[in-house]
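What follows is each chain in one-letter form.
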Amino acid sequence: MVYAIAVFAPLVGALISGLLGKAIGDRAAMGASVLGMLIAAACGPYAFFVLAQGGEPGTIDLGTWIEAGKFHVSWALRYDTLAAAMVAMVSFVSMLIHVYSIGYMSHDATRWRFFSYLSLFSFAMLMLVTADNLAQLFFGWEGVGLCSYLLIGYWYDRPSACAAAIKAFIVNRIADLPFAVGVALIFMTFGSIEFSSIFATVTKHGADTYRLFGLTFPALEVIGFLLFIGAMGKSAQLFLHVWLPDAMEGPTPVSALIHAATMVTAGVFLMARMSPLMEYAPYAASFVTIVGASTALFAATVGCCQNDIKRVIAYSTCSQLGYMFVAAGVGAYQASIFHLITHAFFKALLFLGAGSVIHAMSDEQDMRRMGGLAKHIPVTCAVMWIGNLALAGIPPLAGSYSKDAIISSAFLAHSNVGSYAFICTVMAAFLTAFYSWRLLFMTFHGTSRVDHRTMEHVHESPAVMLIPLLLLATGAAFAGMLLNGWFIGHDQVHFWHGSIFNNPANEIMRHIEHAPLAVELAPLIVGVAGIALAYAMYIARPDLPKIFAKEHPRIYFFLLNKWYFDELYDRIFVRPLICIARFSWRIGDATIIDGVPNGLAAIAAGGARQVVKIQTGSLAAYAFVMLIGVVALVGVFMLFR
Amino acid sequence: MMNTAGFPLLSLITWLPLVGCVVIMCVRGDEETVASNARWTALWTTLIVLALSLVLWVKFDPREAGFQFNESIAWLPHYRIAYKMGVDGISVLFVLLSTVLTPICILASWETIQTKVREYMMSFLILETMMAGMFCATDFVVFYMFFEAVLIPMYLIIGVWGGPRRVYAAVKFFLFTLTGSVLMLLALIAMWLHAGTTDISVLMETRFPVSMQTWLFFALFASFAVKVPMWPVHTWLPDAHVEAPTAGSVILAGVLLKMGAYGFVRFSIPMLPDAAQAYAPLIYTLSIVAVIYTSFVALAQEDMKKLIAYSSVAHMGVVTIGLFTFNEQGIQGALFQMLSHGIVSGALFLIVGVVYDRIHSREIAHYSGLADRMPAYALVFMVFTMASVGLPGTAGFVGEFLVIVGALQVNFWLALLGGLGMILGAVYMLYLYRRVIFGTITHANLRHILDLSPREWAVFAPLIVLTLWMGVYPSSFTTFFDESVAAMVRHHHAAIASTVKLAQGMPGVLN
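Chains as they are written, first to last, in the working numbering: chain P, 59 to 699; chain B, 4 to 514.
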């Protein structure tokens with residue numbers, strides 16, 4: 059019951075502020091929305107702790123949804139450790155973001171609309187994580203897609219925001235189609251899309267095959283691939299990541315909510331949720347690892363050259379999601395969910411901290427026009443330091459536990475794919491530390507590059523923004539230490555209570571705490587090295603980056619332009635498709651298809667006009683033609699008699 | 004003549020609008036009085052019909068697969084042709100769709116139509132009679148008459164109250180659909196000669212020889228494919244929509260497009276199982292082309308109505324895929340998609356109508372930034388945009404998803420390519436939404452545009468409720484056709500199995 063309240067309280071808040079917002083005013087609407095979230099944030103973690111203390115998992119049935127023959131889907135809330143942990147995290151972080159937004163959005167004209175979207179988003183995310191079947195998961199999946207579209211395009215008078223919003227929705231949709239087909243394939247294979255029935259019969263269908271491209275594949279592998287493509291879209295993995303950086307057009311709390319805590323982690327959650335199936339799809343799982351590792355490294359390289367403070371953090375998110383997929387791919391789902399939770403804390407912190415900087419800087423986002431802000435906004439600076447220490451994986455902050463576990467698990471996989479992932483993640487760890495401190499140094503330290511007019515207005519944010527920051531900072535500092543034992547400690551089997559499945563042959567989780575010392579220390583060493591390099595380049599010798607850019611313009615521009623993905627996609631997809639659209643209409647429809655009936659009509663009309671000429675009205679002519687006719691008839695008659 | 008309702012309910016639903024028509028004809032007085040009386044009479048008549056049809060909703064027994072509320076009057080007994088009415092799970096909801104949309108159309112035309120109001124309202128009432136009659140008919144001849152008669156009021160609505168190119172559009176509409184119908188008439192006669200009757204339930208049990216099935220199938224296909232409309236005979240639709248008055252477009256998209264698909268599900272699939280099975284790949288191909296090609300065409304449109312018209316073709320492509328999967332998920336999904344498309348595309352045409360009434364332009368380029376001045380309109384538009392792109396929780400999702408599930412059981416590529424509408428639909432709808440609703444107001448005449456009026460709210464409110472209801476609790480609709488579809492699928496597979504058996508038993512007979 060408490061669990062259901064946690065899910066539906068945000069919906070109530072969203073409806074009140076969205077439908078009545080104009081009537082009851084901004085304050086009341088905000089109150090309703092924040093209150094809904096506060097209730098959720100009280101109930102969600104409570105439900106989680108009950109379960110963690112040994113409560114019984116279960117399912118709350120809410121009623122039938124779709125029925126068609128054997129196809130049956132209900133609205134139901136699944137209450138197990140995985141879902142409850144996600145509910146606790148989502149409701150808590152989302153609540154803090156709501157509170158923060160009260161301050162951040164205080165100058166906005168339609169706050170009721172913003173809060174309504176924000177609460178609706180939280181509701182959709184909660185429906186996603188508590189889903190009992192894949193259709194309801196898809197409901198939440200698409201629901202967060204809609205809300206992110208609305209939130210990214212919140213300032214709809216900006217063309218760039220509208221474009222980013224559409225891009226986000228459509229890139230996600232592209233991935234959703236394979237996902238939907240994957241769900242259909244699950245129904246065909248298992249006869250159900252409810253988790254409990256799927257998981258119960260996975261072993262029975264291990265030998266099922268599916269024909270595709272004229273070849274025969276194990277059905278579970280095909281399903282695994284299709285579902286993962288869906289996850290790639292939502293979690294912004296390589297090739298489908300292009301929407302995420304653009305999504306920074308939304309207000310900063312949105313970035314925190316969407317790109318840190320919740321929406322982008324849906325794909326990782328899906329992998330963990332489907333672990334009983336993914337464990338029997340080794341090729342799909344290897345693919346997950348490869349894509350995850352590649353994304354982790356790719357996004358980190360791009361993050362090193364961005365100048366927009368939010369974009370750096372966005373690419374960092376992309377990269378961290380890659381880490382989570384690495385863990386999921388090698389079978390350490392527990393580690394990936396652990397990193398998901400700790401990441402939610404420190405990434406939300408970083409985004410909201412960046413928001414605080416932007417707020418202080420009168421909406422300036424370019425780090426080249428910042429610097430030396432530490433003494434003006436000390437609290438923000440402090441929490442940003444904590445967030446970045448956690449992100450870089452410096453012990454004992456949260457990131458060090460979860461990220462090290464992922465890097466260890468990649469190593470412990472003892473496979474080619476695992477080694478590739480290990481190398482990528484370690485390199486990415488170096489870059490992560492580098493771009494994190496680059497951000498810190500460029501923003502808070504060194505000489506100030508802020509212009510005078512802005513400098514006069516630089517101020518620390520109000521308490522309503524700082525308190526959420528401090529709470530998140532506490533989480534970023536201690537979450538790893540506190541949750542380590544539960545999530546990946548030796549008692550983890552008991553904690554997860556069967557909500558995550560490891561193939562008996564998969565021993566990674568048993569060894570995860572016993573990786574070689576060198577592997578355990580690797581992330582720390584490269585992390586410190588990254589920080590040192592950032593110090594050298596941005597504090598000790600601030601002229602170095604310019605020299606580097608001048609001497610290696612190709613590398614610099616390649617990274618600055620994000621590996622030219624946007625340009626590439628524009629050339630090979632967007633423009634050709636627009637051409638096809640024009641061609642289909644102007645030539646295909648208007649000329650060819652419509653040409654036939656219009657042509658026939660023209661022939662008929664023209665023919666009629668010609669025939670009309672025969673009607674001269676001259677009796678003599680008629681009689682003459684008749685005579686010819688009679689002669690012809692008689693002739694034919696005689697000939698063929 | 005006894006049936007579940009205790010009185011000839013279906014005939015009453017069908018013919019009552021004509022009574023309203025007679026009443027309107029009798030009104031005398033100056034133009035204003037006549038117009039006002041015509042509006043109110045039409046509204047009340049259609050509301051009473053709606054109320055009557057709700058009796059169907061309540062009294063219909065969904066556990067029964069066959070026809071219910073049967074009525075039968077001897078008409079041409081020598082030819083074994085009778086006036087027969089009845090509804091089964093497949094048709095009952097389409098009767099309701101017609102009776103729900105008609106009053107909404109009357110309401111939507113309240114202020115828009117100012118010339119020849121009496122004749123306009125009469126046309127709509129006649130149209131309702133023909134639509135309801137067509138879905139209720141259980142005799143092929145009766146069906147054929149209603150099916151053809153629908154053309155007449157629609158032709159008038161487009162040709163008299165339409166836009167500047169209305170005559171071209173009306174004639175094109177008439178000729179396209181009539182051409183197909185002539186072939187259907189031939190098929191009808193052939194079936195009658197073979198079976199000795201035109202009773203639909205008898206025809207469904209009749210086994211037509213396989214060679215005959217083939218040409219019967221194509222004769223019926225010619226008629227139904229134009230109505231659906233399937234690619235490449237779809238070009239009458241955008242023209243008809245663009246020129247038709249708003250309410251005309253609503254009925255056209257909401258009900259008339261369903262007639263073709265209904266024809267497939269009522270005649271082609273159950274009566275000609277072997278041909279339907281054999282030519283299903285042809286239908287799949289045309290449907291996939293429709294989904295992809297018309298989505299692209301929709302993307303290139305500069306006229307709002309045309310864009311939505313093309314989107315209808317794409318959505319109906321999903322319907323025809325679903326119908327010809329011959330499994331429960333596919334057919335149920337297709338039927339659901341027909342219903343949801345009826346509501347959603349109808350609503351989208353009404354949405355275009357709202358701004359057309361104010362600015363008198365359908366050009367997308369004439370609009371921008373409406374969200375500022377018309378927040379309620381923006382909300383309603385968003386709801387139906389999302390329903391159109393098939394967001395879960397709205398009506399559009401259930402049908403599309405079930406069709407994908409059904410299609411996958413036939414072929415992977417059918418599911419994937421047929422599902423492309425999910426992506427392309429989002430592209431053209433969001434692009435439209437962005438250009439019309441988002442951005443800043445650039446045209447001076449938009450600065451004082453008014454938001455939805457109470458009358459417009461009354462038009463949209465029931466549609467929004469239906470859209471969400473169908474999305475969140477679709478079972479209250481699918482239960483109606485669950486049993487009928489199950490019976491149909493069983494019937495189909497039994498027929499195919501018996502043909503196969505026959506072919507194995509007597510090799511060469513079929514050829």
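Simulated from the structure, these hints should not be mistaken for laboratory data.
For clarity, every value in this text was computed on a predicted model and none was experimentally measured.
Hints are supplied without guarantee of correctness; some may be wrong.
Each computed DSSO-like pair below joins lysine-lysine, with the alpha-carbon atoms no more than 30 Å apart [said to hold, decoys possible]:
id: 1; chain 1: P; residue 1: Lys-128; chain 2: B; residue 2: Lys-504
id: 2; chain 1: P; residue 1: Lys-128; chain 2: B; residue 2: Lys-62
id: 3; chain 1: P; residue 1: Lys-262; chain 2: P; residue 2: Lys-128
id: 4; chain 1: P; residue 1: Lys-433; chain 2: P; residue 2: Lys-262
Quick list of simulated restraints, FRET-style, between CB atoms [to be verified]:
id: 5; chain 1: P; residue 1: Phe-631; chain 2: B; residue 2: Ser-479; range: 36 to 46 Å
id: 6; chain 1: P; residue 1: Pro-520; chain 2: B; residue 2: Pro-457; range: 41 to 51 Å
id: 7; chain 1: B; residue 1: Ala-497; chain 2: P; residue 2: Asn-474; range: 38 to 48 Å
id: 8; chain 1: B; residue 1: Thr-182; chain 2: P; residue 2: Ala-221; range: 38 to 48 Å
id: 9; chain 1: P; residue 1: Thr-261; chain 2: B; residue 2: Leu-189; range: 25 to 35 Å
id: 10; chain 1: P; residue 1: Lys-671; chain 2: B; residue 2: Val-205; range: 51 to 61 Å
id: 11; chain 1: B; residue 1: Glu-366; chain 2: P; residue 2: Lys-671; range: 42 to 52 Å
id: 12; chain 1: P; residue 1: Phe-631; chain 2: B; residue 2: Thr-288; range: 16 to 26 Å
Pulled from the structure, derived: some chain P residues nowhere near chain B, Cβ distances all over 12 Å [unchecked claim]:
id: 13; residue: Ala-86
id: 14; residue: Ile-118
id: 15; residue: Gly-127
id: 16; residue: Ile-160
id: 17; residue: Phe-197
id: 18; residue: Gly-211
id: 19; residue: Ile-251
id: 20; residue: Phe-297
id: 21; residue: Tyr-341
id: 22; residue: Phe-345
id: 23; residue: Asn-542
id: 24; residue: Asn-560
id: 25; residue: His-569
id: 26; residue: Leu-626
Glycine included, C-beta positions come from ideal geometry on N, C-alpha and C.
Checked hints:
1. Proposed proximity of Lys-128 of chain P and Lys-504 of chain B is supported: the alpha carbons are some 27 Å apart, at most 30 Å.
2. Restraint check for Lys-128 of chain P and Lys-62 of chain B: the C-alpha separation of about 26 Å stays at or below 30 Å, so the hint holds.
3. For the hint pairing Lys-262 of chain P with Lys-128 of chain P, the CA-to-CA distance comes to about 19 Å; that is within 30 Å, so the pair holds.
4. Proximity of Lys-433 of chain P to Lys-262 of chain P is assessed by CA-CA distance (about 64 Å); at most 30 Å being required, the pair is judged violated.
5. A beta carbon spacing of about 41 Å between Phe-631 of chain P and Ser-479 of chain B agrees with the range 36 to 46 Å that was offered as a hint.
6. Against the hinted window of 41 to 51 Å, the Cβ-Cβ separation of Pro-520 of chain P and Pro-457 of chain B comes to about 42 Å, which satisfies the hint.
7. Between Ala-497 of chain B and Asn-474 of chain P the beta carbons are some 54 Å apart, a value that contradicts the proposed interval 38 to 48 Å.
8. With their beta carbons about 45 Å apart, Thr-182 of chain B and Ala-221 of chain P fall inside the hinted range of 38 to 48 Å.
9. For Thr-261 of chain P and Leu-189 of chain B, the Cβ-Cβ distance of about 57 Å falls outside the hinted range of 25 to 35 Å, so the restraint is violated.
10. Look at Lys-671 of chain P against Val-205 of chain B: about 53 Å separates their beta carbons, and that is inside 51 to 61 Å.
11. At roughly 43 Å, the beta carbons of Glu-366 of chain B and Lys-671 of chain P sit within the given window of 42 to 52 Å.
12. With their beta carbons about 24 Å apart, Phe-631 of chain P and Thr-288 of chain B fall inside the hinted range of 16 to 26 Å.
13. Non-interface status of Ala-86 of chain P relative to chain B is upheld: no Cβ of that chain comes within 12 Å, the nearest being about 17 Å off.
14. Every beta carbon of chain B lies more than 12 Å from that of Ile-118 of chain P, the smallest distance being close to 17 Å; the non-interface claim holds.
15. Some Cβ of chain B comes within 12 Å of the Cβ of Gly-127 of chain P; the nearest lies about 3 Å off, and the non-interface call is violated.
16. Taking the minimum C-beta to C-beta distance to chain B, about 22 Å, the non-interface status of Ile-160 of chain P holds against the 12 Å cut.
17. Listed as a non-interface residue, Phe-197 of chain P fails to keep its Cβ farther than 12 Å from every Cβ of chain B; the least gap is roughly 4 Å.
18. Not every CB of chain B is more than 12 Å from the CB of Gly-211 of chain P (nearest about 7 Å), against its label as outside the interface.
19. The Cβ of Ile-251 of chain P does not lie farther than 12 Å from every Cβ of chain B; its closest approach is about 9 Å, which violates its non-interface assignment.
20. With a least CB separation of 15 Å from chain B, Phe-297 of chain P remains clear of the 12 Å interface cut-off, as annotated.
21. For Tyr-341 of chain P, the condition that its CB be more than 12 Å from all CB atoms of chain B holds, with the nearest at approximately 18 Å.
22. Every beta carbon of chain B lies more than 12 Å from that of Phe-345 of chain P, the smallest distance being close to 18 Å; the non-interface claim holds.
23. For Asn-542 of chain P, the condition that its CB be more than 12 Å from all CB atoms of chain B holds, with the nearest at approximately 36 Å.
24. For Asn-560 of chain P, the condition that its CB be more than 12 Å from all CB atoms of chain B holds, with the nearest at approximately 30 Å.
25. In this structure His-569 of chain P is separated from chain B by more than 12 Å, as the shortest Cβ-Cβ distance comes to about 39 Å.
26. Distance check on Leu-626 of chain P: its Cβ is at least 19 Å (rounded) from any Cβ of chain B, clearing the 12 Å threshold; non-interface status holds.
Hint violations for this structure: numbers 4, 7, 9, 15, 17, 18, 19, all remaining hints satisfied.
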